[in-house]
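Participant: Chain by chain, the residues run as shown.
2 protein chains.
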Amino acid sequence: MTEIAQPGSSEAPRPDPADGAGAAPVSGALVDSLGEVPVAFQDPGYRAAVVDLLGAIAYGEISAFDRLAEDARLAPTLADKLALGKMATVQFDHVEPLIARIAALGAEPMDAMGPFVKPFDVFHAKTAPSNWLEGLIKAYVGDGLAADFYREVAAFLDADTRDLIIASLVDAGHADFVVERVREEIERDPRIGGRLALWGRRLMGEALSQAQRVAAERDSLASLLAGGVDRPGLDLAALGRMFTRLTENHAQRMAELGLAS
Amino acid sequence: MTEIAQPGSSEAPRPDPADGAGAAPVSGALVDSLGEVPVAFQDPGYRAAVVDLLGAIAYGEISAFDRLAEDARLAPTLADKLALGKMATVQFDHVEPLIARIAALGAEPMDAMGPFVKPFDVFHAKTAPSNWLEGLIKAYVGDGLAADFYREVAAFLDADTRDLIIASLVDAGHADFVVERVREEIERDPRIGGRLALWGRRLMGEALSQAQRVAAERDSLASLLAGGVDRPGLDLAALGRMFTRLTENHAQRMAELGLAS
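Chains as they are written, first to last, in numbering that gives the first Met the number 0: chain Z, 0 to 260; chain E, 0 to 260.
Okay, chain Z solo, but in the shape it has when bound (with noise of 0.2 Å):
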């Protein structure tokens, strides 16, 4: 991989609009191990776009954890309430080090994270889970599709981010609590079973939607999937197979709680 030397700064500054056709000043802690700056940062392009997706997934984490402590008092057994409560905070965990990364390259991290309020907000109220089951079901085939569709985009970009954001995806084996609970309770009572594949089906519906939505009005998170300087891009038919590979991710982890996707 080609880079270019470029001594990083003490301090994080803003970007700088009329700074855009150069290589805006960086932080120090984007310099990697050769004490060099990722080529793909000498855009500024790239680095705006870079901060919306972190934007994104730390606005997307912390309102996970805001719905899982909600969803946490549906829970019926003071087990099951820390479980979610657990899912909750690691979470949260997550955004320190994502806002860090954004304030390193620059930006203001609330700022960042501003954009996606009201996509990630709509969601949760779109699908606000009216019980226990659907409340579980949410968490963990969010989650999923949120960890699948991060780690797609993930690998289109310099490796330190991608690192960053593979770490903020670790789930700390909570999934295994979810499908376990699931399966005994549909076992149960398997009439639940039908009401509660729709919901995931309705889940993923307005997953979509909001992505859609925001890939429609953020330019920068579609240019990262077209590629760039160094880095190579997705074309129609490419961005096509993405998504018919996060459907049948999907659809897998809707068989692994027992329910058709």
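Hints may be right or wrong, so weigh each one.
Identical copies carry no separate label here, and so any pair may be met within one copy or between two of them.
Below, computed lysine to aspartate or glutamate pairings styled on DMTMM-like, alpha-carbon distance capped at 20 Å [to be verified]:
| no. | residue 1 | residue 2 |
| --- | --- | --- |
| 1 | 125 | 69 |
| 2 | 85 | 205 |
| 3 | 85 | 107 |
| 4 | 117 | 188 |
| 5 | 85 | 133 |
| 6 | 85 | 179 |
| 7 | 117 | 218 |
| 8 | 117 | 79 |
| 9 | 117 | 216 |
| 10 | 117 | 69 |
| 11 | 125 | 79 |
Keep in mind that the hints were calculated from the coordinates and are not lab data.
What you are looking at is a predicted structure, and each value in this text was computed from that prediction instead of being measured.
Starting from the known structure of chain Z, arrange chain E on it as the hints suggest.
Facilitator: Okay, now just chain E, sitting in the frame of chain Z:
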């Protein structure tokens, strides 16, 4: 300190009521650095009381997490929301070591927390903040009061339990954030001071009223303060001084917020 050697078993057994007269088997986790079980735990009454206390603290942390996560939704900015979310997760992270210790003492953690669900839930229901500032003050005043109380009680316990409780009271320095935010708001609009001072008094009143109910219903907790074989106890006068200290610390916190107590 006098100690009687007793090798611990490797598993945490359920307490056996029939075994009440002698030293019940205790887990290996209870053995101290000299490979001995502190003499206090030879007394099944003491052990039951410690389980009760740890159950109360653990559920207190879960319910604080719950409420802080809910109050975070009232936050006027994303930065405020993050700060409150962080306070919530710090509280939640204290739960695991507490329930591990309850299990090591041979009790079922969910059963141990059970009796304290209602008092804490009633307290929170009666003191649901109607706005962001009330939520902040509740977090600060409520946590402070709980921490003071547990610290007082911890002084009467064996060293290991005491250390565990003290560790679970660490607040990760978010008190400074609350003090700063509340003072800012009062500076901006001094008229709110009177209403917020009233709010602080109400929090203290409700906390005392729930604590009193718990003390009346749970003999074990009251007996902790009364002392035992190798532990000092509190007489009525000393108990009075303890409540004076709690009240003084509360007044001190209100003053730090810029409010009359």
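Participant: Against this structure, judge whether each hint is valid.
Facilitator: Evaluation of the provided hints:
For the identical chains of this complex, residue 125 and residue 69 are neighbours both inside a copy (15 Å) and across copies (19 Å), given an alpha-carbon limit of 20 Å. In this assembly of identical chains, residue 85 and residue 205 lie within 20 Å of each other by CA distance neither inside one copy nor across copies; the values are 25 Å within and 29 Å between. In this assembly of identical chains, residue 85 and residue 107 lie within 20 Å of each other by CA distance solely across copies; the values are 19 Å between and 29 Å within a copy. Taking CA atoms no more than 20 Å apart as the test, residue 117 paired with residue 188 passes in neither setting, with 37 Å inside one copy and 30 Å between copies.
In this assembly of identical chains, residue 85 and residue 133 lie within 20 Å of each other by CA distance solely inside one copy; the values are 18 Å within and 26 Å between copies. Taking identical chains as interchangeable, the C-alpha atoms of residue 85 and residue 179 lie at most 20 Å apart only when both belong to the same chain, with a minimum of 16 Å there against 29 Å between chains. Only within a single protomer do residue 117 and residue 218 lie at most 20 Å apart by alpha-carbon distance; the minimum there is 17 Å, versus 51 Å between protomers. For the homomeric pair residue 117 and residue 79, the shortest alpha-carbon distance between copies (17 Å) is at most 20 Å, but the shortest distance inside one copy (29 Å) is not.
In the homo-oligomer, the alpha carbons of residue 117 and residue 216 lie at most 20 Å apart inside one protomer (12 Å), although the nearest pairing across protomers, at 47 Å, exceeds that limit. When the C-alpha separation of residue 117 and residue 69 is checked against a cutoff of 20 Å, the pair qualifies both within a copy, at 18 Å, and between copies, at 18 Å. In the homo-oligomer, the alpha carbons of residue 125 and residue 79 never lie at most 20 Å apart, since the shortest distance is 24 Å inside one protomer and 25 Å across protomers.
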